[in-house]
Every structure is written in structure tokens, then in C-alpha cells.
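Novice: Sequence order for the protein chains is A and B.
343 is the number of the first residue of the first sequence in this note's numbering; add one for each residue after it.
16 is the number of the first residue of the second sequence in this note's numbering; add one for each residue after it.
Simulated from the structure, these hints should not be mistaken for lab results.
Nothing false has been slipped in among the hints.
With a straight-line Cα cutoff of 20 Å, these simulated SDA-like cross-link-like pairs (lysine to any residue) come out:
| no. | chain 1 | residue 1 | chain 2 | residue 2 |
| --- | --- | --- | --- | --- |
| 1 | A | 350 | B | 147 |
| 2 | A | 735 | A | 586 |
| 3 | B | 88 | A | 586 |
| 4 | A | 735 | B | 86 |
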Amino acid sequence: MRVIAIFKRVLREMLRDKRTLALMFLAPLFILTLMYFLFNTSSDSIAKIGVSNVDTTVVKAIKNKHVTLHHYSVQATAKDKVREDNLAAFIKQKDGKLTVTYQNSQPGDSALVRQALQGGLTKIKVQALAAATQTQKKALQQQAQVLKTLMAQQQKMAAAQGARGTAGANLAPQSQKAQVQAPTNYQVTSHYLYGSSDSTFFDTFLPILLGFFVFFFVFLISGISLLNERTTGTLTRLLATPIRRGEIITGYLMGYGLFALVQTVITVTFALTVFQIHMIGSVWLILLINFLLALVALSMGIFVSTFANSEFQMMQFIPILVIPQVFFSGLIPVDQMANWLQWIAHIFPLYYGGNALMNVATRGVGFSGIAFELGILVLFAALFTILNVVGMKRYRRV
Amino acid sequence: MVTNTIDVRDVAKKFGDNPVLKQVSLQLPVGQIMGLIGPSGAGKTTLVKAILGMEKIDAGTTTVLGTAMPNRKIMQRIGYMAQSDALYENLTARENIRFFAELMSVPKSQLAAAITHAAQVVNLNDALDRRVSAYSGGMKRRLSLAIALVQDPELLILDEPTVGIDPELRQQIWAELYQLKAQGKSVLVTTHVMDEAEHCDYLMLIREGIALAQGTPQQLEQDYAVPTIEQVFLKAGRLQDESHSDL
Chain A
343 MRVIAIFKRV
353 LREMLRDKRT
363 LALMFLAPLF
373 ILTLMYFLFN
383 TSSDSIAKIG
393 VSNVDTTVVK
403 AIKNKHVTLH
413 HYSVQATAKD
423 KVREDNLAAF
433 IKQKDGKLTV
443 TYQNSQPGDS
453 ALVRQALQGG
463 LTKIKVQALA
473 AATQTQKKAL
483 QQQAQVLKTL
493 MAQQQKMAAA
503 QGARGTAGAN
513 LAPQSQKAQV
523 QAPTNYQVTS
533 HYLYGSSDST
543 FFDTFLPILL
553 GFFVFFFVFL
563 ISGISLLNER
573 TTGTLTRLLA
583 TPIRRGEIIT
593 GYLMGYGLFA
603 LVQTVITVTF
613 ALTVFQIHMI
623 GSVWLILLIN
633 FLLALVALSM
643 GIFVSTFANS
653 EFQMMQFIPI
663 LVIPQVFFSG
673 LIPVDQMANW
683 LQWIAHIFPL
693 YYGGNALMNV
703 ATRGVGFSGI
713 AFELGILVLF
723 AALFTILNVV
733 GMKRYRRV
Chain B
16 MVTNTIDVRD
26 VAKKFGDNPV
36 LKQVSLQLPV
46 GQIMGLIGPS
56 GAGKTTLVKA
66 ILGMEKIDAG
76 TTTVLGTAMP
86 NRKIMQRIGY
96 MAQSDALYEN
106 LTARENIRFF
116 AELMSVPKSQ
126 LAAAITHAAQ
136 VVNLNDALDR
146 RVSAYSGGMK
156 RRLSLAIALV
166 QDPELLILDE
176 PTVGIDPELR
186 QQIWAELYQL
196 KAQGKSVLVT
206 THVMDEAEHC
216 DYLMLIREGI
226 ALAQGTPQQL
236 EQDYAVPTIE
246 QVFLKAGRLQ
256 DESHSDL
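Chain A with its partners taken away, still in its complex shape (with noise of 0.2 Å):
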């Protein structure tokens, strides 16, 4: 029953700041919009690459729809025009010898550059290779002309003379077809075992992001929340009431579950709906997930709520507890990391929960597939919980 009242309240309270509200429910959809647009359009980006003095078969070969190329005088060096004209990179012949100066201050953009002249420089070497073989096939053609002629004079040269030449010219022909066989063309066709050919940075990311949402915004709030439960002594009075500790901190986590189980409900509609993004995995998985990741949170921010005398205090722990989260929540890849760090990796809540939620919408893995990691998350809410009913005794001793 008090637990109602608490869980009853808490809502009120929520749906009363419409700010707080927005910041839960729209900051995500906003974030994630932006981020769609960033790593969707980085691939429609063009260099621009100035060539002075080069030849133009490698001019026309390097040329691609990345990049757009710029002809300059004989004169002109590399350092003046990529900062004039803001060139991704220049390049010079001479001598037959490609210098290539990359502007750098976008590795995106000499990426682009480096793409298209090893493109280029293949594309070259293969004309090269073709035509070698093309008249190397004529010169072969001419020699098998002559050899027959040759061969017709000996023939007739040996109808004179009798039956003695036949094994001489048999050697021709044979070593003539092994020439002109056609190189192979190899054809590749491609299997995704994962999403499809489409699937960008975003795809992949997203069920990070949003468990990481999750995360952020509801450790936040709830810390906060409680913060002013206890400074404006709203806290010390409930606990004038017959109230038990763990009511509290049970209405706590059912009001702020509830809220974070709407954001993530908003945040994958919208990106399945909006972003036509590819969840291989169950949707519940993946709100379940996103819900022990909010108990998690809730409980987390509470507990160091305790520390804070201020929200602005409460804000001071967004960089030492939830800033290094993101780096181990898998966004890098943790098993690449160094082994004293993938050690550091196993004590953030984040790295189980963005595990699983990879896990589940990436590669299609089932319940007992995450078990552990959801086992974790509750081992992290139980303790924090545990931490926060005691840490209570300071206001009341029972």
C-alpha cells in the first residue's frame, strides 16, 4: 500500500515537470535523428584533390564520386594551393614519381584521397597487365603465322624429301593455345550473417545507445530526485511515517522503472518505425534488458545521490561514473582492448548491458544467450538496493 502511494507520487511528480519529462522522452529521439544523419551522410562526402603536372590516364584513373579533381600549372607547389583552395591533398609528377600532399586535418577526407589513388594506381596497373598480355597474344599471333609458313615450306621441303620432319612440327600449336587462354573473371557474391549490406555504424550501435539512453537519463533524474528528497527534508519526513526503508526505495524503483520502460518503448519504436533500423533479436529482450539497465541506474543513482549536497555535485558524477561506461558499454570493442582495461571493463553495469543488447539485436541470441549478463545487472540493482536501505538508517534507526 505505501509502496502504491511512493510509486503514485513519484509519477505525479514526473508528469507535473513537463521539462524533465521532455529531457526523458525527446532528448533521446533528438540525439539519435542527429547521429542517424552524421554517420549516413559521411560516405557522400567529396575530397578535393589538386593535380599539377600528372598524367592524365592516372588522372582518369583516380577520378571516382568521392573525389573531385582540380588542375593546377607545373608552377604550382603543394603547400600554397591545399591551403588556398582547401585541397584535401595534391599531388605533382615528376619524373614519372607521384608526391602526394595530404591537407590531414580530416583523416576522413585523406581516407577518401588514399581510396582513390590506390584505386586509381590498381586500375593502371591492370590496364598495363591487359595490354602487356594483348600484344604479347599478337606477337604470339604474328610468330604462329610465321611458324606456319615456315612449317608449309618444310612441308613441302619434306614432301621432297620424305617423311623426316613430322616431330618438329608438332611443337607449335600447343604452346600457342596455352597463350590465349582467357584470364578468369572472378564474380563475388556476398552473404551477410548479420543485417544486410546496407547495415551502417548506426544499425549496429543503436541498441548501445539506447540502453545507454536508458542509463544516463534515468541514474540523472532518479539521483536528482532523491537529492531534493533529502534537501528539502521531504526524506526525513517520510521516514516520520511507518514507512520501511525498502517501500521507499521500491516506489522509487517502480515509478522510475515504469518512465524508463516508456523511453525505451519511444526510443525503438522510433527507430525501427522512423529509421527502418534492422533488430534481428525479440523487441522484449531487448526491453528487458533496457528495464534492468534502469533498476541499475536508479539504484546506482541513489546511492551516490547520498554523496551529493547539491544537484550541481550531482552533476560532477556524470564524468568519473557514466562518461567511462560508454567506452566499455562496447562502442569500442572491448576484447581489442588491453587486458589490464577489459579487466577495468567487467565492474561497469554498461558492459553486460550493451553486451546483451548486441547480443539480442544484432545476432538474434535468445534469452538463456544473455542470461548471464541480465544475472549481472540484477546482482548490480540488488546490492545498490541493499546499500541504499541501509544507508537510510542514518534518518531513522529502524
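Knowing the structure of chain A, use the given hints to seat chain B on it.
Specialist: For chain B alone, kept in the frame of chain A given last:
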């Protein structure tokens, strides 16, 4: 049969090295109004919290309604009004009262009537559906009192209930306290307004964590041979300071 609603014996409390309460004893008989008077920083609020079981005490015992404190269940029978208004500003007054009434396990069927009655006592009926953030200081004080009254408790513990409340309403509140007393309820009220002290059945003077004097207002005035409680207070303080300088 419980004769004393509150029975505090030899309670001592230190905050760090600073003693706030030294060997304080207090008995509040059933159906009486007791005033706890003393300057700010005297230890009134600490004593109140010790009685409620919300402050850990270093020595002594506190018993409320025949039960040793701290005790969670007893809280239901105590109406407590804290010194600072602890209200949810985003909620309306009605929602605030209802919330605490629910925590105090007021039956659902009596909820509406209890809220109306409590609001009536403090004259807030017209403003019940306004948000607390729009309330004046005095209105918040009255709302806090209404919350303390809502579950019809046997014991009321009011920490500075009349701060920021105009004289007319103050009279109204005291009339209500008398009425509660007539119903056999006990009241412990802290104050530093001396003319309010005259309204109490019993008084306890507390200063620097020491209970200087206890008794009915008339008794105290006689003992100190002065005409008003204010002068009792001043004289007791002087005597305390003198005994200090003697040491």
C-alpha cells in the same frame, strides 16, 4: 495503563565533540500540552527527533505510548510537524495531504473526510487544489500542520508550528490544540514565542542542552518569583550563565 505519553530519561547526545543534549528527562502525561521552550540551538529539535527515534542517542531511553523508541509502527500514532516545511512543491496541497495520509494507512473510505477536516483546521480549504509552489510561507506552515493532523494521532509533536502564521490563525490553531486535548490527546510543542508558552499545561525550559526547569507556567513563575514566562526564561538563563562562571 500508560500514564505518560512520552517518557524521556537521561538522554544525552553529542554531535562530534559538541554535546547537544545533556541528561535530559521529560514526562508528558496523557491528555496534556507540553511546551518545550528555549533559544535556537538549545537542542529542542534534537530532543524531538530523539523522541521520534530519528536521531541516534548516546545515552538514556525514550519511550512513546508505552513503547521503547525507535519503533516504526508507533509512528502511525504520532502526528509530526517538522521545523522546516517538507512538502512536495510540484503537487497540490490535497495531493500532499493524501500522500502522507496513505503512508499513515488512513482507510480509503475516510480519506476524503480526513483531508477536508485537516484542511479546515488550518483554514486551507479554499486553496487545497493549488500547487504548493504557489503557496506563501505561512500557508506552507499550515499545510504541514494539516499533514500532522490527518491521521487523527494520539500524540502530536509540533516543531515550531506557529512560525510565520498570523495572530488570528495562531489563535485558531491553539483552539484546535485545546480541542484535541479535550479528546484525550497529548501534544508536545516547541516554540521560542514566550506568550505561546502560557497556553501550555507544562513547560520545559531547555538551554545549551540542559533542562533548566520544568513545571506548570504558574509554578515556574512562582519559583523564579517573576510575573511572566519570558522573565522566567531570562532569569533561568542568567542563573545558568552565573553558575558557569563560578566553575
